[in-house]
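Residue numbers (this note's numbering), protein chains in the order written: chain Y, 1 to 131; chain X, 1 to 121.
Certain hints may be false.
[Claimed, not checked] Straight-line C-alpha distance at most 20 Å; calculated DMTMM-like pairs for lysine to aspartate or glutamate:
#1 4(Y) to 6(X)
#2 6(Y) to 79(X)
#3 47(X) to 50(Y)
These aren't lab readings, by the way, just hints derived from the structure by calculation.
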Amino acid sequence: MAIKSKRYQEARLEASSNLELYWWVFMRISGVVLVFLIIGHMWMNAILMDLNKIDYDYVVQRLSQTTWKIYDWLILALALLHGGNGLRYVLDDWVRDPAKRFWAKVVSYSLLAFIFVLGSFSLFNHDFGVR
Amino acid sequence: MYRGREGQWAFYLHRISGLGILVFLVLHVSNIASAMWGPEVSNALMKFYHQPVFQVGLLVLIAGVLYHGFNGLRIILMDFTSWGVRHQRALWYGVWVLFLVFYLPFVIRIGGGILGGGHGD
Chain Y
1 MAIKSKRYQE ARLEASSNLE LYWWVFMRIS GVVLVFLIIG HMWMNAILMD LNKIDYDYVV
61 QRLSQTTWKI YDWLILALAL LHGGNGLRYV LDDWVRDPAK RFWAKVVSYS LLAFIFVLGS
121 FSLFNHDFGV R
Chain X
1 MYRGREGQWA FYLHRISGLG ILVFLVLHVS NIASAMWGPE VSNALMKFYH QPVFQVGLLV
61 LIAGVLYHGF NGLRIILMDF TSWGVRHQRA LWYGVWVLFL VFYLPFVIRI GGGILGGGHG
121 D
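One chain only, chain Y, in its complex shape (with noise of 0.2 Å):
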């Protein structure tokens, strides 16, 4: 079950095995750690680059150099944990048949897996070290 304990003691008390606490300091640490990231993202492509020239050339020069590379897969891994994780709290909490909670989490897990490895051959696609 999920923790829904508000303090990190209590929570070590609350967690039904040693998995379920790490994933619960898992969200907090990947959390943190997402806001700067994102952020960050959005600020390079909303506010000082325009949307509306974001192009096939642009997004291929940028995915070509190995910084963007790694700050890229670092939010697209650590969000589909953090996002996948906290579907699971969701669906936990929300779908009561036993059975559709199965199915629902064999679908959102594998199309979450899917988009993972999607992300992650156009991430490293491209050359690397160009300009």
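Mind docking chain X on chain Y? Use the hints.
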């Protein structure tokens, strides 16, 4: 657990925005991944997403991201400090102050783009 209406709102907004961001992430990665199929496919899809309706959607998404992020920091303060839970309501209003400060530049930039035209090419 949550005494007062603000805490309940904070919780539901956190869930809804989280789900919304996850849906966007799936669409966004699919869109960017289209670059692997070359400029024709990629540019056609980008042009499609440059329509004003998606830019309005983007403004909603950015609002969701900023709220979810700052409220997440509030949750962490409640978890790991001795005073966080006591001041959760004040912290929530602090979330909205931070939200406004960061959201305004995006509203001006993207909103200006929507009103000013020039999209879709």
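Hints versus structure:
1. 4(Y) to 6(X): holds, 17 Å
2. 6(Y) to 79(X): Holds. Residue 6(Y) to residue 79(X) sits at ~5 Å (cutoff 20 Å).
3. 47(X) to 50(Y): Holds. Residue 47(X) to residue 50(Y) sits at ~14 Å (cutoff 20 Å).
Checked against the numbered hints given earlier, this structure breaks none of them.
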